[in-house]
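These protein sequence lines are chains W and X, in that order. Quick note: the first sequence, position 542, residue 541 per numbering that gives the first Met the number 0, numbers continuous. Quick note: the second sequence, position 699, residue 698 per numbering that gives the first Met the number 0, numbers continuous.
Watch out, some of these pointers could steer you wrong.
No distinction is drawn between identical chains; accordingly, a pair holds when it is met within one copy or between any pair of copies.
As the list claims (entries may be wrong) - In silico lysine to any residue, SDA-like type, Cα no more than 20 Å apart, as pairs:
(1) Lys681 with Glu469
(2) Lys2 with Glu322
(3) Lys585 with Leu753
(4) Lys429 with Arg683
(5) Lys768 with Ala669
(6) Lys848 with Val836
(7) Lys681 with Arg472
(8) Lys848 with Val835
(9) Lys215 with Ser498
(10) Lys544 with Ala601
(11) Lys327 with Asp248
(12) Lys848 with Ala636
(13) Lys681 with Leu630
Calculated from the structure, these hints are not laboratory results.
2 protein chains.
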Amino acid sequence: MKKRVYAFSEGDGKNKRLLGGKGANLCEMTQIGLNVPPGFVITTEACLEYLADKKLPAGLMDEVREHMARLERATGKRFGDPANPLLVSVRSGSALSMPGMMDTILNLGLNHDTLQGLIRQTGNERFGHDAYRRFIQLFGKVALGVPDELFDAEFEAIKHQAGVAADIGLSAVHLADIGERFLAVVRRHTGKPFPEDVYEQLEIAIRAVFDSWMGKRAVDYRREFHITPDQANGTAVNVVTMVFGNMGDDSATGVGFTRNPGTGENEMFGEYLVNAQGEDVVAGIRTPKPVHEMATEMPALYAQLVELRDKLEAHYHEVQDFEYTIEKGVLYCLQTRNGKMNAQAMVRTSVEMCREGLITRDQALLRVNPAHLEQLLHPCLDTSHNPTPLAQGLPASPGAASGRCVFDADQAELLGRAGEKVILVREETKPEDIHGFFAAQGILTSRGGKTSHAAVVARGMGKACVAGAEGIRVDSRARLATVGEVTLHEGDIITIDGSTGRVYLGAIPTIAPTFSEHLRTLLSWADEAAHLKVKANADTPEAAKEAREFGAVGIGLCRTERMFNASDRLPVVVEMILAPDVEERKAALDKLLPMQRCDFQAIFTLMAPYPVTVRLLDPPIHEFLPDEHSLADEIDALRQFRRVAKGRAAALSALGQAVETDGVGEDAVAAVIARKERLLAKVRELHEINPMLGHRGVRLGITFPEIYEMQIRAVLEAAAECVEAGVAAAPEIMVPQVVDGAELERVRAMVDRLRQEIEASHGVRLDFKFGSMVETVRACVSADGLARTAEFFSFGTNDLTQATWSFSREDAENKFLPQYIGSGILEDNPFEVLDVVGVGAMMRMAVEKGRSVRPDLEIGICGEHGGHPGSIRFCDGIGLSYVSCSAPRVPVARLAAAHAALLNGG
Amino acid sequence: MKKRVYAFSEGDGKNKRLLGGKGANLCEMTQIGLNVPPGFVITTEACLEYLADKKLPAGLMDEVREHMARLERATGKRFGDPANPLLVSVRSGSALSMPGMMDTILNLGLNHDTLQGLIRQTGNERFGHDAYRRFIQLFGKVALGVPDELFDAEFEAIKHQAGVAADIGLSAVHLADIGERFLAVVRRHTGKPFPEDVYEQLEIAIRAVFDSWMGKRAVDYRREFHITPDQANGTAVNVVTMVFGNMGDDSATGVGFTRNPGTGENEMFGEYLVNAQGEDVVAGIRTPKPVHEMATEMPALYAQLVELRDKLEAHYHEVQDFEYTIEKGVLYCLQTRNGKMNAQAMVRTSVEMCREGLITRDQALLRVNPAHLEQLLHPCLDTSHNPTPLAQGLPASPGAASGRCVFDADQAELLGRAGEKVILVREETKPEDIHGFFAAQGILTSRGGKTSHAAVVARGMGKACVAGAEGIRVDSRARLATVGEVTLHEGDIITIDGSTGRVYLGAIPTIAPTFSEHLRTLLSWADEAAHLKVKANADTPEAAKEAREFGAVGIGLCRTERMFNASDRLPVVVEMILAPDVEERKAALDKLLPMQRCDFQAIFTLMAPYPVTVRLLDPPIHEFLPDEHSLADEIDALRQFRRVAKGRAAALSALGQAVETDGVGEDAVAAVIARKERLLAKVRELHEINPMLGHRGVRLGITFPEIYEMQIRAVLEAAAECVEAGVAAAPEIMVPQVVDGAELERVRAMVDRLRQEIEASHGVRLDFKFGSMVETVRACVSADGLARTAEFFSFGTNDLTQATWSFSREDAENKFLPQYIGSGILEDNPFEVLDVVGVGAMMRMAVEKGRSVRPDLEIGICGEHGGHPGSIRFCDGIGLSYVSCSAPRVPVARLAAAHAALLNGG
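Please work from the sequences and hints to get the whole structure.
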């Protein structure tokens with residue numbers, strides 16, 4: 000005959016399909032020597048038979064009785080025995096955990112007679128009656144289908160009658176009365192008396208568990224989470240002996256962690272209560288004691304607890320979160336599961352458990368979720384006081400920051416220099432605000448998405464940023480912002496949380512990031528395990544320094560245009576753009592040359608001997624010019640000023656009065672107007688309909704070769720200076736927006752010419768690489784052609800995603816992407832999680848074609864996906880050489896790279 | 000011994016490598032029985048030997064003498080014989096034609112003695128002396144390296160001395176004098192007398208031909224045109240008996256075509272001169288006669304000519320352009336080559352030669368270049384008077400048109416209704432100008448490229464358009480335009496040529512298109528030969544009618560947004576966009592529904608039983624709104640108006656006068672301002688950074704499902720009405736901008752729901768197809784997913800090219816693409832010629848993936864490349880089912896599709 004019931008000592012701890020997750024666990028715990036209260040599991044197969052035949056399988060109850068007899072033998076108690084009653088719990092348990100599926104029935108086996116036995120055993124009449132009335136209600140509801148409200152109404156009636164507000168005010172007599180009333184409720188509702196026979200109780204409970212599998216809650220849950228019969232089919236029934244921690248001073252109840260889940264320290268952590276049940280902790284009647292006190296209070300029991308802890312870790316190789324009860328000096332382990340810990344604890348326990356030999360290095364690495372590392376690398380808000388957010392925006396750059404509101408970059412710089420902490424608040428930011436970013440603790444904008452200027456620049460700098468907080472209306476002229484009823488004036492203190500997108504009034508304390516010794520160790524292991532190298536995107540010497548601190552082995556993306564935006568350079572850049580001919584443009588570029596050279600020299604030196612990949616100018620040059628509208632407004636204002644001034648002068652003159660000067664001469668105003676008009680004309684000339692797909696990248700390098708020439712010269716001259724200074728600089732020149740090998744050949748020819756010239760003039764030999772961004776679809780398709788000239792590729796997956804999807808990121812994120820994700824058309828935002836189907840196919844094609852021509856082609860990724868763990872795994876899978884991401888994400892990427900190598904194999 | 004010299008009767012007419020192109024032709028002509036003046040070819044191998052050894056191969060001149068003897072036998076003349084001299088021409092000829100490589104030496108064999116023989120033979124002393132002095136100069140220059148200027152100086156001296164201005168004024172005596180002076184020039188320059196020995200002349204000439212192969216002109220030419228030794232190595236020498244058409248009234252010279260190259264008519268065409276040499280025609284001394292006059296003037300010779308013509312066509316199976324000379328009643332054919340003809344003649348001759356059995360149908364089809372058909376389908380300018388263009392723009396939509404300038408669409412409509420022909424002249428056009436397009440003959444803009452609104456709409460309508468004529472400054476407020484010094488006022492007549500981009504002042508006559516019976520026949524053959532079907536892009540019933548006339552077998556792209564732009568609909572569309580909620584939006588859509596249904600019903604009916612593919616709304620909705628700047632300007636103006644009016648009222652009131660009304664109440668102005676402000680706010684809200692990649696296509700359909708629902712309902716209700724009317728409508732619903740199968744599933748669900756409803760309410764069964772545009776890269780990559788829902792694909796290669804290249808077409812064509820093409824980085828504009836490498840790879844992928852899921856998937860192309868012959872061949876090669884292009888290009892595409900099938904095979 001088919002075996003349908005397994006004692007915990009019999010069942011296969013790995014067979015969750017047959018025994019359910021909980022049942023299998025109890026079997027495993029029992030068999031590894033933990034003192035689990037005796038019990039047994041009725042299989043999921045029995046459940047399916049029951050559901051198919053609409054009746055319990057023949058012989059099942061006989062098998063159950065046999066196992067109950069075993070429990071009686073093990074405990075010395077008897078089921079239904081008024082003198083020394085055996086009580087059990089009955090609960091469901093399928094292969095997959097389905098939280099809240101069916102309530103557990105506790106204390107099954109209680110009736111009028113056995114209640115007396117329980118009271119005698121515990122010496123606690125109130126507890127006994129309370130346990131009984133709880134059993135009746137739960138059994139009534141779960142197994143007999145009596146509505147909860149009927150019981151609640153009786154309970155309230157007694158409380159009202161007794162004149163007490165809280166349950167705790169009820170005496171044993173009240174509770175006994177409630178029990179009787181509950182029995183009457185069941186009798187009225189079901190038309191039958193509450194079953195006094197304990198086996199009848201048990202059989203009804205087993206049927207109820209089986210039935211629950213097809214109940215609405217369970218069916219909905221399985222549909223909602225797409226659980227197929229393949230994954231879980233039917234539920235098992237767990238029948239477990241009840242144990243009581245309230246049987247005297249040699250009894251107790253408690254919960255514990257095998258290590259400290261807050262710090263990861265290797266010390267038992269938890270709380271216990273002597274002579275108490277779990278409910279007492281929940282009810283808050285008594286305050287539990289920290290577990291270490293047990294060592295002095297109950298040393299023998301504490302020794303048992305320590306032994307339990309050791310067994311748990313030795314078996315599970317993982318920090319355990321366990322529940323236990325001590326009944327009359329005997330420790331029972333009721334439940335154990337992997338402990339949930341914060342990132343710091345995960346890191347520390349990983350390193351320490353590995354050192355202790357409990358887990359391997361690979362396991363230590365795989366235990367820690369790379370994304371969680373982020374917690375450790377940015378200050379985060381201490382929200383233990385549950386502050387109410389003032390507004391909600393997009394989490395655009397992680398980290399938290401408090402400071403005074405300022406509404407323009409100049410003010411930010413002014414206050415910042417004066418040592419104030421400030422938050423730059425703008426409708427949106429522009430390149431000319433860059434000095435404000437340097438001065439501010441964080442940036443808050445009311446418009447723009449996760450790739451708005453503010454977001455991208457802040458991420459690059461590792462500063463907190465909340466973008467697109469649309470509830471805030473910023474009026475920078477009036478120097479204030481309003482959020483509903485609240486008005487923020489300049490100088491008011493706010494706090495932003497770039498990890499959640501929340502904005503708070505006032506200063507919320509922050510928790511500083513910890514880059515602990517344990518983290519350093521774990522990351523060094525990660526570097527050994529990984530195939531992918533991790534570099535950083537960094538545009539300044541400061542960022543380069545930070546990148547090295549975070550363990551980047553090079554700079555994978557150094558954006559030269561960021562350097563153009565520095566406040567001392569932007570005017571020269573504008574001069575260059577306004578130049579009417581090549582000669583004047585070259586004159587302006589000659590001024591920029593020493594500035595860029597100096598930047599490069601500093602960055603190369605800081606990063607030596609690691610490579611620094613310099614990307615030549617990428618954005619359309621109109622991005623460096625002011626906004627068309629503001630410029631037109633300014634011109635209007637100046638014209639009006641001039642008209643008024645003229646009118647005033649005329650009037651005074653007519654009155655025969657001397658005309659006073661305004662301090663601003665007519666000519667000066669006219670000159671300013673003329674200059675601004677010239678600028679406006681240029682802005683209009685350069686206007687593009689789709690700047691993302693416009694005159695940018697190498698297209699600029701082809702049409703205005705003098706710009707690229709200046710930049711290449713700056714890189715190579717800086718490299719020459721490094722060689723002269725004995726610094727092992729490793730520069731790489733990278734060309735953006737390439738679509739065809741012919742473009743690369745043009746730029747390469749320029750590079751070769753300049754190299755010869757600079758090697759000759761400096762008398763040194765330059766060592767550098769020349770490569771291509773791969774960020775257009777056509778570059779992927781013609782990657783073989785590119786690889787004939789390029790010595791390395793770097794995927795720009797931001798642009799590549801835009802091109803592959805025909806989605807402009809900012810337009811998409813503001814207009815339709817939320818609805819696409821919300822309605823399930825897309826699972827993820829492809830700008831955050833690399834689209835393996837589309838963009839991934841392009842990348843794979845580029846890798847294959849590129850390496851078909853140049854087998855040792857180095858290939859990296861420098862788009863934002865370079866810091867995303869799932870995307871990193873894909874990059875490892877297609878054989879990339881490195882990923883490059885913003886400096887603060889470097890540790891995340893290093894760990895993710897190790898995961899990728901371990902999970903992808905090879 | 001190696002044979003180095005071939006008589007024309009011996010040489011292999013196909014062996015151009017050995018005999019050169021010209022030599023092989025002469026051999027072929029001789030051997031097919033044409034009476035070619037006797038001659039022989041010295042091989043290219045002999046040339047290479049000469050160049051390698053720096054001397055003539057041993058025995059070569061002996062072989063030449065032997066062949067000269069044969070010529071003497073054939074002609075009865077003798078080389079160097081003063082009584083009856085044999086004269087020859089010597090010319091080069093390599094395997095590839097290299098025009099103007101070396102001048103031909105004529106009349107070789109003349110000297111003091113033989114000159115007298117020539118004079119006797121021709122009875123023309125002046126001719127004899129002229130021939131002699133020409134020979135001395137040519138031989139001196141070509142074979143002896145005497146600079147031309149030396150001869151010219153002598154010539155001018157004599158002319159001066161004789162007091163004549165033109166050569167024709169010189170007498171025989173003068174010419175004899177010139178001959179003597181030329182001989183003296185040669186003697187002075189070379190230090191040797193001019194060779195009198197005719198074999199010496201011949202040998203020198205042969206060496207000169209061989210040497211010319213390594214001359215600077217030849218070497219440069221071969222480098223310039225990348226001619227490798229593989230293609231042409233060494234030159235042959237052709238020695239041909241001179242024949243003279245000026246030996247009396249039984250002699251003549253002429254040129255002819257075997258058929259009329261202007262009309263294609265099967266009649267001999269050409270001119271002749273009795274008793275004349277070719278030079279006489281060139282000198283313009285006498286007017287040649289049309290060839291048909293020869294039939295009466297010289298019937299016997301005419302009969303010979305007719306025989307020649309028949310032999311030529313019978314052998315070459317192609318219209319021939321030939322030269323002949325009649326010497327004393329004997330017709331010699333000097334040269335023949337394929338005749339160059341205009342498109343009309345090509346079509347007619349193709350059809351007729353096929354009918355005559357001269358060529359096969361396949362040959363008839365392949366003879367005609369599809370691109371040339373365009374000439375036949377648009378009116379073109381009669382520029383025979385060489386008018387001077389006023390300005391130059393981009394050829395944006397082919398055809399020519401004259402009319403009065405108008406500077407806005409309303410005026411265009413007004414004048415157009417009054418029967419005036421008008422040209423709409425704008426800086427650029429917007430959707431609200433659409434009624435002006437209907438009314439105008441053509442469109443001229445000073446801004447925008449080949450995909451500007453003006454260009455695209457004009458092409459769609461088949462109207463002439465010149466776009467981006469930057470030399471023109473349009474001031475639509477002042478109602479004038481200036482081009483340099485010229486000012487165009489409204490009503491001035493101009494002519495635009497959309498095929499060249501030229502703009503002219505005044506009316507230039509146009510030549511109307513001819514859709515001849517021959518063209519119809521040729522296209523019907525094309526349809527039989529082609530695999531690809533040809534459909535048209537058409538958005539209106541008028542365009543549908545035109546499409547059928549041009550032979551389209553369906554509409555491959557019916558853009559519903561064009562219907563939105565009609566002047567009676569745009570206000571409703573704006574109302575729909577401004578709707579604050581779904582309810583009001585639906586109310587506006589309810590007004591659009593009957594309009595769209597009516598359009599569809601008309602188009603389906605016109606096209607039945609051919610399919611009509613309706614594309615659901617594609618452009619971002621902000622395209623239907625007015626321009627932000629103009630709106631802001633209008634609001635400013637209205638506000639100022641209100642201020643002035645208020646001030647005036649206040650002033651009048653203060654003076655105690657009654658305030659007059661302005662006719663526009665304060666409230667009315669305020670209401671207009673408020674409405675415009677609401678519109679402006681919406682325009683700003685909908686603003687997109689990269690509209691090409693923005694909130695458009697199916698993304699609108701997902702976020703505003705009510706818009707797509709209205710359109711689908713309009714299609715299906717129109718289809719139902721057709722069924723009720725017994726019309727075999729074949730509608731197809733097409734979804735634009737798709738990136739993922741999930742999008743299609745959403746729209747398909749909507750379609751299915753509406754179908755059920757409409758089938759039920761109309762009591763009919765609807766038959767239609769549902770498909771997807773493939774115009775994003777991701778759609779190509781996930782085409783298998785798309786094909787699970789889509790029953791057909793249509794490639795939108797305009798957008799796909801933009802996405803693949805990351806080039807915004809308008810920005811690229813205005814900013815950097817010209818330089819890319821000019822500097823050789825790109826060979827073609829990828830928006831005109833399908834980029835087979837990049838876009839082609841995406842298309843191929845989509846075809847393979849799509850058909851892997853649905854083998855019978857119908858796949859077409861509706862981008863502009865659908866009308867480009869080279870691109871059509873690619874489409875045929877990857878197995879597309881159809882191409883769709885603008886109606887006037889349908890004939891081009893039909894022929895190109897036949898070419899593709901014939902050339903691709905299969």
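Hints, verified against the model:
1. Lys681 with Glu469: Between. Shortest inter-copy distance 16 Å satisfies the 20 Å Cα cut-off; intra-copy 32 Å does not.
2. Lys2 with Glu322: neither (30 Å within a copy, 108 Å between copies)
3. Lys585 with Leu753: This pair counts as within: shortest intra-copy Cα distance 16 Å, inter-copy 64 Å.
4. Lys429 with Arg683: both (17 Å within a copy, 18 Å between copies)
5. Lys768 with Ala669: So Lys768 and Ala669 fail the 20 Å test inside a copy (50 Å) and across (65 Å) alike.
6. Lys848 with Val836: both (18 Å within a copy, 13 Å between copies)
7. Lys681 with Arg472: between (31 Å within a copy, 18 Å between copies)
8. Lys848 with Val835: both (18 Å within a copy, 17 Å between copies)
9. Lys215 with Ser498: Neither. Shortest intra-copy (38 Å) and inter-copy (71 Å) distances fail the 20 Å Cα cut-off.
10. Lys544 with Ala601: within (10 Å within a copy, 70 Å between copies)
11. Lys327 with Asp248: within (8 Å within a copy, 145 Å between copies)
12. Lys848 with Ala636: Answer is neither: 57 Å inside a copy and 60 Å across each miss the 20 Å cutoff.
13. Lys681 with Leu630: Within one copy only: 11 Å inside a chain, 23 Å across chains, cut-off 20 Å.
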